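K.L.:
Sequences and hints are given; from them, build the entire structure.
2 protein chains.
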Amino acid sequence: MEELYGGMEGGGTKFVCAVGTGLGEIIDETRFPTTTPDETLDRAIVFFKKYTLTAIGLAPFGPLELNQDSPAFGSIASTPKSGWSHADILGRFRAHFNLPMAFDLDVNAAAFGEYHWLPKNRRLFSLVYITIGTGIGAGVIVNGKVVHGLTHPEAGHMRLPHDRHKDPFPGICPFHGDCFEGLANGPAIGKRWGQPADTLPEDHPAWDLEADYIAHAVSNIIYMLSPQRIVLGGGVMERLQLFPLIRLKVREILNDYIASPTMTGSMSGYILPPGLGKRSAILGAMAMAKYLTK
Amino acid sequence: MEELYGGMEGGGTKFVCAVGTGLGEIIDETRFPTTTPDETLDRAIVFFKKYTLTAIGLAPFGPLELNQDSPAFGSIASTPKSGWSHADILGRFRAHFNLPMAFDLDVNAAAFGEYHWLPKNRRLFSLVYITIGTGIGAGVIVNGKVVHGLTHPEAGHMRLPHDRHKDPFPGICPFHGDCFEGLANGPAIGKRWGQPADTLPEDHPAWDLEADYIAHAVSNIIYMLSPQRIVLGGGVMERLQLFPLIRLKVREILNDYIASPTMTGSMSGYILPPGLGKRSAILGAMAMAKYLTK
Numbered sequence: 000m001e002e003l004y005g006g007m008e009g010g011g012t013k014f015v016c017a018v019g020t021g022l023g024e025i026i027d028e029t030r031f032p033t034t035t036p037d038e039t040l041d042r043a044i045v046f047f048k049k050y051t052l053t054a055i056g057l058a059p060f061g062p063l064e065l066n067q068d069s070p071a072f073g074s075i076a077s078t079p080k081s082g083w084s085h086a087d088i089l090g091r092f093r094a095h096f097n098l099p100m101a102f103d104l105d106v107n108a109a110a111f112g113e114y115h116w117l118p119k120n121r122r123l124f125s126l127v128y129i130t131i132g133t134g135i136g137a138g139v140i141v142n143g144k145v146v147h148g149l150t151h152p153e154a155g156h157m158r159l160p161h162d163r164h165k166d167p168f169p170g171i172c173p174f175h176g177d178c179f180e181g182l183a184n185g186p187a188i189g190k191r192w193g194q195p196a197d198t199l200p201e202d203h204p205a206w207d208l209e210a211d212y213i214a215h216a217v218s219n220i221i222y223m224l225s226p227q228r229i230v231l232g233g234g235v236m237e238r239l240q241l242f243p244l245i246r247l248k249v250r251e252i253l254n255d256y257i258a259s260p261t262m263t264g265s266m267s268g269y270i271l272p273p274g275l276g277k278r279s280a281i282l283g284a285m286a287m288a289k290y291l292t293k
Numbered sequence: 000m001e002e003l004y005g006g007m008e009g010g011g012t013k014f015v016c017a018v019g020t021g022l023g024e025i026i027d028e029t030r031f032p033t034t035t036p037d038e039t040l041d042r043a044i045v046f047f048k049k050y051t052l053t054a055i056g057l058a059p060f061g062p063l064e065l066n067q068d069s070p071a072f073g074s075i076a077s078t079p080k081s082g083w084s085h086a087d088i089l090g091r092f093r094a095h096f097n098l099p100m101a102f103d104l105d106v107n108a109a110a111f112g113e114y115h116w117l118p119k120n121r122r123l124f125s126l127v128y129i130t131i132g133t134g135i136g137a138g139v140i141v142n143g144k145v146v147h148g149l150t151h152p153e154a155g156h157m158r159l160p161h162d163r164h165k166d167p168f169p170g171i172c173p174f175h176g177d178c179f180e181g182l183a184n185g186p187a188i189g190k191r192w193g194q195p196a197d198t199l200p201e202d203h204p205a206w207d208l209e210a211d212y213i214a215h216a217v218s219n220i221i222y223m224l225s226p227q228r229i230v231l232g233g234g235v236m237e238r239l240q241l242f243p244l245i246r247l248k249v250r251e252i253l254n255d256y257i258a259s260p261t262m263t264g265s266m267s268g269y270i271l272p273p274g275l276g277k278r279s280a281i282l283g284a285m286a287m288a289k290y291l292t293k
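Line order of the protein sequences matches chains L and Z. Once you know that position 250 of the first sequence is 249 in numbering that gives the first Met the number 0, the rest is easy, because the numbers rise by one and skip nothing. Once you know that position 102 of the second sequence is 101 in numbering that gives the first Met the number 0, the rest is easy, because the numbers rise by one and skip nothing.
I should point out that these hints are in silico values taken from the structure, not numbers from a laboratory. All values reported here derive from a predicted model rather than from experimental measurement. Careful: at least some of the hints might be erroneous.
Repeated chains share a single entry, so a pair holds when one copy, or any two copies, can fit it.
Claimed, not checked - No more than 27 Å apart at the CA atoms, straight line, and that leaves these computed lysine-lysine pairs for DSS-like: (1) Lys277 - Lys248; (2) Lys277 - Lys49; (3) Lys119 - Lys277; (4) Lys49 - Lys80; (5) Lys48 - Lys248; (6) Lys80 - Lys13; (7) Lys49 - Lys119; (8) Lys293 - Lys144; (9) Lys119 - Lys293; (10) Lys119 - Lys144; (11) Lys277 - Lys80; (12) Lys190 - Lys48; (13) Lys49 - Lys248; (14) Lys248 - Lys293; (15) Lys165 - Lys48.
P.N.:
Below, the structure is given as structure tokens:
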């Protein structure tokens, strides 16, 4: 009998749980709204109890406590999401399952999923996955491993050039105003233009400005890490017309400074939508269960 | 007899070569100006030939070709430094020494040196070394390894917020104008204020502005990588009064967003001058020879 792995993608509005044999082979899946930690995690646990699993990968929204030496390891840190501050995700699962478990941020799971999605002979050793939706975050893979540090990266809060003549919008981040997330997440687009981002037509100037901020963030990531691939996912990036705009602007910003054929070419194989579509994080959570719990 | 390792730090104005048994134990050292590749590398080779070495670590200025699958691996890429474009550093050494050799960028060697300088029981798994002098660059250690990607990081060319009301100086980077390096390297300070940076008094407003740009770059690096330590070296950072200013500004920029005691504290143990002083790169090159050639 093939081994079964469980994966949980715990988002701020909905949870997805899946069971399968690996990337792309899912035998059961469920999704439900994020309510209280008690109710939401119990629903996930009841779902996984139906199966004899080898391991579980847990990938909730952050910020998370990922320091294994901390007594709070496995829990959510302080979050504005009501009721979820300090919710002990891993502890609750451990009370129900005597199984190896992996625990990481949802966007890190998505990066890990995109990393594992490539066939072994084409595997990259470094990759950055950026989600641009209600929030903005990035998962970073270096040498095949998800990057953690003191905490986890929070690339959505990078500061970028903000030309207030061109874009007087002050940004909406409660901590930083006009950081990347404050200028470019879905709610910022909606507030800047006075209508929800998803109702803006394709030829609205919103998208050129959006591509500008994303291109600056992507360029900074290239300068900092020189990753082999940059994957852009999340709700905002479902506007696929952003991709060619972003590639063009990244090339303009880099201005042929980095003498790599990838950086001076079309970048159409470099800055990409997720290979796993909207399923990078849930499939990545399963990949975490399969590959990171040995 | 103890094993001897050679290290070469090849800068744009001078080369340093050293032989020793490891970090901090140097038995011979020489330094000479950077002239032509032929003359400069021959001087280095003649120096190393005096010893029976176990391995050599080569850490020249960049940009470098670090892709081991490339026929140009081991050489300098296109550089404005006259005569040095495509100089084959590693090939020239291989023609003279049948020894294991490590090859990486000078700033990566400095990062590796700072990483190895800590005693094993206090070793960090992630660290960023930023040099701020005539140029600006960063070496990144993640999980104990120097980060490479498509090429090597070029963090000096990150774009930062630039308030042209406060600082109308357009920047001096020939590729990007007002990138981090264009706004904040030594020559930029000199040009902005009309006198060489090293002649500016300690209370000159130049230093507050300089700390501002450095703090924004450091904050972006924290957001992107969450490193366990940030080391700031190079000529500009010899102005030690910059350190408390930078720490204060980083805290202001982060605004307690990252709930780590390190990020909400004084940062006096987090943003630091090099433990190895001006010798991070040469000692790092020797550490590369010792630890990366096995």
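K.L.:
If a hint holds in the structure, say so; if it doesn't, say that too.
P.N.:
Here is how each hint holds up against the structure:
For the homomeric pair Lys277 and Lys248, the shortest alpha-carbon distance inside one copy (25 Å) is at most 27 Å, but the shortest distance between copies (38 Å) is not. For a Cα distance limit of 27 Å, the shortest separation of Lys277 from Lys49 inside one copy, 25 Å, qualifies, whereas the shortest one across copies, 61 Å, does not. For the homomeric pair Lys119 and Lys277, the shortest alpha-carbon distance inside one copy (22 Å) is at most 27 Å, but the shortest distance between copies (42 Å) is not. With identical chains, the CA atoms of Lys49 and Lys80 are never at most 27 Å apart, being 29 Å at best within one copy and 66 Å at best between copies.
Within a single copy, Lys48 and Lys248 get their C-alpha atoms no closer than 49 Å, and across copies no closer than 50 Å, so neither meets the 27 Å cut-off. In this assembly of identical chains, the alpha carbons of Lys80 and Lys13 lie at most 27 Å apart only when taken from the same copy (13 Å versus 55 Å across copies). Neither within a single protomer nor between protomers do Lys49 and Lys119 lie at most 27 Å apart by alpha-carbon distance, with minima of 32 Å and 46 Å respectively. For the homomeric pair Lys293 and Lys144, the shortest alpha-carbon distances inside one copy (14 Å) and between copies (22 Å) are both at most 27 Å.
With identical chains, the CA atoms of Lys119 and Lys293 are at most 27 Å apart both within one copy (19 Å) and between copies (26 Å). For a Cα distance limit of 27 Å, the shortest separation of Lys119 from Lys144 qualifies both inside one copy, at 15 Å, and across copies, at 22 Å. With identical chains, the CA atoms of Lys277 and Lys80 are at most 27 Å apart within one copy only, with a shortest distance of 23 Å there and 47 Å across copies. With identical chains, the CA atoms of Lys190 and Lys48 are never at most 27 Å apart, being 43 Å at best within one copy and 68 Å at best between copies.
For a Cα distance limit of 27 Å, the shortest separation of Lys49 from Lys248 qualifies neither inside one copy, at 49 Å, nor across copies, at 52 Å. Taking identical chains as interchangeable, the C-alpha atoms of Lys248 and Lys293 are never at most 27 Å apart, the minima being 42 Å within one chain and 42 Å between chains. With identical chains, the CA atoms of Lys165 and Lys48 are never at most 27 Å apart, being 55 Å at best within one copy and 61 Å at best between copies.
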